[in-house]
Amino acid sequence: MVSGRRAALTYALSAPFVVFALFPFAWMLVTSIKKNSELYDLAQNPFLVRAGPTWDHYRFLFQHTAFPLWLRNSAIVAIASTAASVVLASLAAHALARLRFRYAEGVSTFVFIVYLMPTTLLFLPLARVVSALHLSNTLWSLIVTYPAFMVPFITWMLAAYLSSIPRDLEESALVDGCTRLGALWRVVVPLARPGLITATLFAFTLAWSEFIYALTFISTTSVKTVTAGVVVDLIRGDVFYWGSLMGGALVASLPVVLLFSLFLDYYVAGLTAGAVKG
Amino acid sequence: MGMTRRAFVTVVGGAGLAAAAGLGRPRPAAGAGATLRLLAHSSYNEDSDKAIARLGAEFAAAHSATFSADFIDQPEVAAKLTAEEQAQAGHDIVDLQDNLPTIHKGFLVPLDDVVAEITRTYGAFYPIAKDSGYVDGHWLSIPWLGNCELGVYRADYFAQVGERPPATWTDLLRAATKLKKAGHPVGIAVSQCEDSNAALYPLLWSFGASVTDARGRLTIDSPATGAALDYVRRLAAEMDPTVFSWDDSSNNKHMLSGRGSYTINAPSIYLKAKRDKMPFAASVKHAQPPAGPKGRFFYADIHGWGVFKFSKNIDLAKRFLRSMYTAEGQKVFLTLGQGYDMPVLPHFDVNPPYAADPQLRPEVGFLKNAHLAAYPAPPDPRAEKAYQTYVIPNMFARAAQGASNKDAVAFAVKALKDIGYA
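Protein sequence lines, in the order shown, are assigned to chains A and B.
Take 17 as the starting number for the first sequence in our numbering and just add one per residue.
Take 51 as the starting number for the second sequence in our numbering and just add one per residue.
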């Protein structure tokens, strides 16, 4: 009885947060399946679909825009830049958490400060880098530049996590003949899996939802990622394709939702491990 | 077997460089024809973009070149231009709205020779077009099109309340009171969007106020501005209360929902209602913007073409731009533009293809007396910054939501001084 009451209380307390979290998705779904005539009718309840659902906005999205290509491009960029960033950041985080070298603390602080640098400031100097590397208007321009904001963030996150793993385990591996990299790969990485997965999830989300680099480094419709493509191609002057915009946003959010759902346990473990470090 | 650090770096670095070389954009083979790249804002009317693409493709075919046009929504153009200027690479030809040439002038090629050829054949551009493209004694952008801001009204709703389309702001206020009671409120954006700028600058001028005088000195703090603020405060009380949070699509939605009775906008509302065969399309009419105590003022956006100095195809770009200003090119563009896009050369504004539609006839000659935001001063980057940061809509919004005239004007003066006005 007590546990039943506690469960009810838990649900009651969490309900507002669930509604808050799900509201954007519900809004996107409802808007994306409404007919244009109903979308423009201000007298209608915006939360209901009274005139019957329509798939026209999705049909337009998939058949009359490059939306499938944008999704593919986003996936390529997000996976490649996440993989590169996690590898680089793991090495950096390991160095900051384990190796004793001069200025280690200063470097750690510097990484944190770089993480705070807004991407909207970085895109201007990076535009020069992209141009110098002859990568403008290619997916590589994003794959190469996204780590600029992803690596500091993941490094900072992983450094805290790696500090929670006992140093003795790694030192035992070194005594047993492992190289530094071997110990990292065979001992630290398996133990740090929740932290790595959490970092990967965050990095993937950052790359998937990035806008300003995708807008400024890419011009051709077929090379755009989903964030830039949906906004740039579905807002024409003062006419917004609301149904398709919301449909595009909804579909584009699904991979991230799916990833978080699949790895929720690791995610929670990764976030909380550093918190209980004694 | 262990791997040395040096070997690791060599393998990873080598793989990265190899991948970059393999997957980067293929470079054009030596001797291949040039590729002319153009960046433009995406028009509400997709056919306008197609017209530019068609003109470009025809030109490219005749010059053994390739033409590539990218269209993006207007608010994103600024970031794109800035990034390309930093990179010293990108598009050859870029779309520059209103006073943007004053901001990007250091990166633009003077196009005086092209403009001289065009004007020798077809006469001078409209003054507003010159205000946009002519900077510091040079044509840095060749004006291409104008988008006008008209009074858009529902003739049936105005008839229901016994009102005629408003000729003056006073007429509009009187009608707004009746229309609100009838459930069909007037709606003019008083918010951070381009439509709000486009409605409120001419309102300000029509009350005898302006941001600066003809020499660019601040004059916003004046009794005339106070009168304009008083008026908007009264009008706002009779309008749809959501006007303070509108974006550029909101007044379209206001009218296309069938609820709204009046707004100030480009003809996109009428054209959308007509294209989608909305039942009330025939009742959507256009009128000149209302006049104030000091007269009637017209606002329009001008889009022109600039050529970046870092372009490797400057001569080709100039030749392409020249080719766009022919009778045939203008006919293609104005026909596909359907009346949303207007000619900036009076020569082509005598009987444009869309003038056959009586609802679009008020557009003919509209640009003759229209002004940009810098008016009455000459083109000025500070005017463009004030426009882009919505200083005037913010001032009106403050007054309409409770601030005194003194406070609203003080806010505007501070914002304008921060931009560089004195």
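There may be inaccurate statements among the hints.
Said to hold, decoys possible - Only pairs whose alpha carbons sit at most 27 Å apart, straight line, appear in this in silico DSS-like list of lysine-lysine: (1) 335/B to 51/A; (2) 418/B to 180/B; (3) 381/B to 327/B; (4) 51/A to 381/B; (5) 381/B to 230/B; (6) 327/B to 100/B; (7) 51/A to 327/B; (8) 335/B to 435/B; (9) 327/B to 155/B.
What the hints assert, rightly or not - Only part of the chain A face toward chain B is listed, based on derived beta-carbon distances under 7 Å: (10) 62; (11) 225; (12) 231; (13) 235; (14) 248; (15) 252; (16) 253; (17) 275.
No wet-lab data here; the hints were simulated from the structure.
Where is the CB? At the ideal position from N, CA and C, for every residue including glycine.
Satisfaction of hint between residue 100/B and residue 327/B, Cα-Cα up to 27 Å: With Cα atoms ~23 Å apart, residue 327/B and residue 100/B stay inside 27 Å; holds.
Pair hint residue 335/B and residue 435/B, alpha-carbon separation not exceeding 27 Å: violated (33 Å)
Identify whether the interface hint at residue 225/A stands, where standing means a beta carbon of chain B within less than 7 Å of its own. violated (16 Å)
Given residue 62/A as an interface hint, is its Cβ closer than 7 Å to any Cβ of chain B? violated (12 Å)
Hint check: is the beta carbon of residue 231/A less than 7 Å from a beta carbon of chain B? Holds, about 6 Å.
Taking the closest Cβ pair, is residue 253/A under 7 Å from chain B? holds (3 Å)
Holds or violated: residue 51/A with residue 381/B, Cα cutoff 27 Å? violated (35 Å)
Given the hinted pair residue 335/B and residue 51/A, is their alpha-carbon gap at most 27 Å? Since the Cα atoms of residue 335/B and residue 51/A sit roughly 25 Å apart, the hinted pair holds (cutoff 27 Å).
Sort out whether residue 230/B lies within 27 Å of residue 381/B, counting only the CA atoms. violated (42 Å)
Against the 27 Å threshold, does the CA-CA distance of residue 327/B and residue 155/B hold or violate the hint? violated (44 Å)
Holds or violated: residue 248/A as interface residue toward chain B, Cβ cutoff 7 Å? This interface hint holds because 5 Å falls under the 7 Å limit.
Decide if the proposed pair is consistent with the structure: residue 418/B and residue 180/B, CA atoms, cutoff 27 Å inclusive. holds (12 Å)
In this structure, the earlier hints numbered 4, 5, 8, 9, 10, 11, 17 are contradicted, and the remaining ones agree with it.
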